[in-house]
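Note that the protein sequences, when read in sequence, are chains A and B. Heads up: the first sequence at position 166 corresponds to 166 in our numbering, and the numbers run straight through without jumps. Heads up: the second sequence at position 63 corresponds to 63 in our numbering, and the numbers run straight through without jumps.
Rather than coming from a laboratory, the hints here were simulated on the basis of the structure. Here the structure is a predicted model, which means the values were calculated and not measured. Hints may contain errors.
[Stated by the list, open to error] As a list, the in silico SDA-like pairs of lysine to any residue whose alpha-carbon atoms are at most 20 Å apart:
id : chain 1 : residue 1 : chain 2 : residue 2
1  : B       : K139      : A       : Q115
2  : A       : K12       : B       : E132
3  : A       : K38       : B       : E94
4  : A       : K12       : B       : N184
5  : A       : K12       : B       : Y119
6  : A       : K38       : B       : S133
7  : A       : K38       : B       : S91
8  : A       : K12       : B       : G89
9  : A       : K38       : B       : D8
10 : B       : K139      : A       : G112
11 : A       : K38       : B       : M111
12 : A       : K38       : B       : Q129
13 : A       : K12       : B       : L273
14 : A       : K44       : B       : A88
15 : A       : K67       : A       : D251
16 : B       : K139      : A       : G117
17 : A       : K12       : B       : Y128
18 : A       : K12       : B       : S91
19 : A       : K38       : B       : Y128
20 : A       : K12       : B       : A116
21 : B       : K139      : A       : D251
22 : A       : K38       : B       : R107
23 : A       : K38       : B       : E132
24 : A       : K12       : B       : N108
25 : A       : K38       : B       : A116
26 : A       : K38       : B       : V177
27 : B       : K139      : B       : G89
28 : A       : K44       : B       : G89
29 : A       : K12       : B       : Q112
30 : A       : K38       : B       : N184
31 : A       : K12       : B       : H115
32 : A       : K12       : B       : L87
33 : A       : K12       : B       : Q129
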Amino acid sequence: MSAGQIYDLGYKRYVGSRRSVGTRWTVIMRHQVASSWKTWWRFKIWLVAAALATAVASGVLLLASDKIIKMFVGMSGKAMRIADGLLSLSPAWDCKIGFIVSLTIGARVIAGDVQTGAFTFYFARSLRPRDYVIGKLVGLIVMMSLVMLGGPLVLAAVRLGLSESQAELIALLPVVPKSLAIGVLGTLIYAVVPLGFSALITNRSYAVALWAAYYLLIGHVALGLAFVTHPVVAALDLPTALGAVARDLFDVHLNSFVKLDIPISAALISIFAHVAAAIGLMFWRVRHAQQTGVGGAS
Amino acid sequence: MTALIELDRLAKRYGEITALDHVTAVVDGNIIGLLGPNGAGKSTLLKALLGLIPYEGRARVLGLDCAAQGAEIRDRVGYMPEQEAFLAGMSAVELCTYAGELSGLPRNEAMQRAHAALYYAGLEEKRYQPIESYSTGMKQRVKLAQALVHDPEILFLDEPTNGLDPRSREDMLDLIVELPVRRNCAIVLSTHLLPDVERVCDHAVIMHRGGLRFSGTIDELRGARGRDSELQVEVKADAPRLADALTTAGASCRVTSPVALQVDLPAHATSQLVFQTARAAGLQVRELAVRRESVEAGFLRVLGEPMPEAVPAMMAIPPGGGVPSFPGGGAR
Numbered sequence: 001m002s003a004g005q006i007y008d009l010g011y012k013r014y015v016g017s018r019r020s021v022g023t024r025w026t027v028i029m030r031h032q033v034a035s036s037w038k039t040w041w042r043f044k045i046w047l048v049a050a051a052l053a054t055a056v057a058s059g060v061l062l063l064a065s066d067k068i069i070k071m072f073v074g075m076s077g078k079a080m081r082i083a084d085g086l087l088s089l090s091p092a093w094d095c096k097i098g099f100i101v102s103l104t105i106g107a108r109v110i111a112g113d114v115q116t117g118a119f120t121f122y123f124a125r126s127l128r129p130r131d132y133v134i135g136k137l138v139g140l141i142v143m144m145s146l147v148m149l150g151g152p153l154v155l156a157a158v159r160l161g162l163s164e165s166q167a168e169l170i171a172l173l174p175v176v177p178k179s180l181a182i183g184v185l186g187t188l189i190y191a192v193v194p195l196g197f198s199a200l201i202t203n204r205s206y207a208v209a210l211w212a213a214y215y216l217l218i219g220h221v222a223l224g225l226a227f228v229t230h231p232v233v234a235a236l237d238l239p240t241a242l243g244a245v246a247r248d249l250f251d252v253h254l255n256s257f258v259k260l261d262i263p264i265s266a267a268l269i270s271i272f273a274h275v276a277a278a279i280g281l282m283f284w285r286v287r288h289a290q291q292t293g294v295g296g297a298s
Numbered sequence: 001m002t003a004l005i006e007l008d009r010l011a012k013r014y015g016e017i018t019a020l021d022h023v024t025a026v027v028d029g030n031i032i033g034l035l036g037p038n039g040a041g042k043s044t045l046l047k048a049l050l051g052l053i054p055y056e057g058r059a060r061v062l063g064l065d066c067a068a069q070g071a072e073i074r075d076r077v078g079y080m081p082e083q084e085a086f087l088a089g090m091s092a093v094e095l096c097t098y099a100g101e102l103s104g105l106p107r108n109e110a111m112q113r114a115h116a117a118l119y120y121a122g123l124e125e126k127r128y129q130p131i132e133s134y135s136t137g138m139k140q141r142v143k144l145a146q147a148l149v150h151d152p153e154i155l156f157l158d159e160p161t162n163g164l165d166p167r168s169r170e171d172m173l174d175l176i177v178e179l180p181v182r183r184n185c186a187i188v189l190s191t192h193l194l195p196d197v198e199r200v201c202d203h204a205v206i207m208h209r210g211g212l213r214f215s216g217t218i219d220e221l222r223g224a225r226g227r228d229s230e231l232q233v234e235v236k237a238d239a240p241r242l243a244d245a246l247t248t249a250g251a252s253c254r255v256t257s258p259v260a261l262q263v264d265l266p267a268h269a270t271s272q273l274v275f276q277t278a279r280a281a282g283l284q285v286r287e288l289a290v291r292r293e294s295v296e297a298g299f300l301r302v303l304g305e306p307m308p309e310a311v312p313a314m315m316a317i318p319p320g321g322g323v324p325s326f327p328g329g330g331a332r
């Protein structure tokens, strides 16, 4: 009796219902979340770092909310209290952590799948390119939102908790959707754009390097050019664009020596253009992989 | 009854290159060998059958239209790729469970069937180890298990014995032979290793330059053009004398030893001619058999290529496990 016969005695063909094709992206999403969560250095440690940063910011809010911070001025031109200005500052540290997480789990996904032949594995089954793209995107968005969305929402909750009256609480309620908006934009930037970069190259290390180079070099070049040309150019730097949106939403202006007043429209256009280009790149790569992956490349 | 695969003037072009040239065939059987040199159109045919590429003409798998019902087909078909197709950082059981879920099985069912498929493939002890740590043979087994996990009705196996040592190759072929019986699924085996085809397949489809050159049983491929007029005759003694007598009766003969000869009968003659001629000449026929070619000889004949001198008519696996392949088939 062969191994197959020994171990296959109880075999019966599966006759139950199957998950519909339209919902199979959720399987890919769940796998993306699980694989991101698997090792401590890819995500967990950075989530702890984001939680620590939020805890410190919350502590500052609680302990020094009435202190004046000269770095910010409000619409009236007067220096602001920490309680009113700190929320707009959250992208400053969230973006750094978001960038690191994008390097560890985001920018390697599609390139890694191309490298390991995973597209053959996926598309020999009844999956469509959009199932793969949506599954990977939503999985990364879920993970990144813990970093980029959690902090601003916690700070908004702390700020509401500092209200001295019901009237002030009601007046402060808009900080919640504003924080949510900043978190959502940050999540899109650090989940979608690196995924787009991972679709550009078929080697996961090079894809990570390309994303890092674009983020750090192009961003800084854009900032430098903005000082000598027009502030709008600085919107190409994604963290600068997100910071500009945050300050605009919270009516805060930088009171620093060098000013870069980026219009919110330019910042939003830059962010959404990056996101749209990344999604386009993903579909292009995945569609191509679907047709060439199975049965060789002829 | 629905045929496994039905092709009706199936055509596919990539720019100037004709990958499939109006292929028409009805393919059935338990284990079907899909043969052809590189560039013959095998990969394109597989992609078309899985509903992954647009094409002209009609193609049906299990009665389903490949162009319109690709997703349904892929739920009922398993595919074992030639190249590595794994996901980084996963164990075999995780990969197979994931494969089952992606094919629509509920999570618990997928997990149970992943274990069963890995047991079947002989990976029961190593199934929790990362696939990166596996040997080539174990990786081939994982590829087979992930193709089986969702209970396919047809398995497309692309070069399943590539890179395997002789013992692993034998094990893999044993598993393949058992599949139609144990799992009630048909197999399409795309390979350039003709001994593998000879060993496990009952049907063959041969493609060349995008066209279909042969579709039928292995016996038909090995048989002399589908007729029983080419005979191998063994006599007690004096084969040359029988050859002379048969030549006089209109046959063409080739004496291969003092007691053996090959006979091509004239049109409308039967093997009775050999017996009658031998009796008349006072010779005793010890054995008479229809002459069969090896699969390779049949393959080369179908392709219209001459039989290489170095390759024996009956194929044998050389010592050490190296396996002969057809010209142009081993360069991938």
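Consistency of the hints with the structure:
no.: 1; hint: B/K139 <-> A/Q115; verdict: holds, 16 Å
no.: 2; hint: A/K12 <-> B/E132; verdict: violated, 31 Å
no.: 3; hint: A/K38 <-> B/E94; verdict: holds, 13 Å
no.: 4; hint: A/K12 <-> B/N184; verdict: holds, 10 Å
no.: 5; hint: A/K12 <-> B/Y119; verdict: holds, 15 Å
no.: 6; hint: A/K38 <-> B/S133; verdict: holds, 18 Å
no.: 7; hint: A/K38 <-> B/S91; verdict: holds, 13 Å
no.: 8; hint: A/K12 <-> B/G89; verdict: violated, 30 Å
no.: 9; hint: A/K38 <-> B/D8; verdict: violated, 49 Å
no.: 10; hint: B/K139 <-> A/G112; verdict: holds, 18 Å
no.: 11; hint: A/K38 <-> B/M111; verdict: holds, 19 Å
no.: 12; hint: A/K38 <-> B/Q129; verdict: holds, 15 Å
no.: 13; hint: A/K12 <-> B/L273; verdict: violated, 54 Å
no.: 14; hint: A/K44 <-> B/A88; verdict: holds, 19 Å
no.: 15; hint: A/K67 <-> A/D251; verdict: holds, 18 Å
no.: 16; hint: B/K139 <-> A/G117; verdict: holds, 13 Å
no.: 17; hint: A/K12 <-> B/Y128; verdict: violated, 24 Å
no.: 18; hint: A/K12 <-> B/S91; verdict: violated, 25 Å
no.: 19; hint: A/K38 <-> B/Y128; verdict: holds, 15 Å
no.: 20; hint: A/K12 <-> B/A116; verdict: holds, 11 Å
no.: 21; hint: B/K139 <-> A/D251; verdict: violated, 59 Å
no.: 22; hint: A/K38 <-> B/R107; verdict: holds, 19 Å
no.: 23; hint: A/K38 <-> B/E132; verdict: holds, 16 Å
no.: 24; hint: A/K12 <-> B/N108; verdict: holds, 15 Å
no.: 25; hint: A/K38 <-> B/A116; verdict: violated, 25 Å
no.: 26; hint: A/K38 <-> B/V177; verdict: violated, 39 Å
no.: 27; hint: B/K139 <-> B/G89; verdict: holds, 14 Å
no.: 28; hint: A/K44 <-> B/G89; verdict: holds, 17 Å
no.: 29; hint: A/K12 <-> B/Q112; verdict: holds, 12 Å
no.: 30; hint: A/K38 <-> B/N184; verdict: violated, 38 Å
no.: 31; hint: A/K12 <-> B/H115; verdict: holds, 14 Å
no.: 32; hint: A/K12 <-> B/L87; verdict: violated, 28 Å
no.: 33; hint: A/K12 <-> B/Q129; verdict: violated, 27 Å
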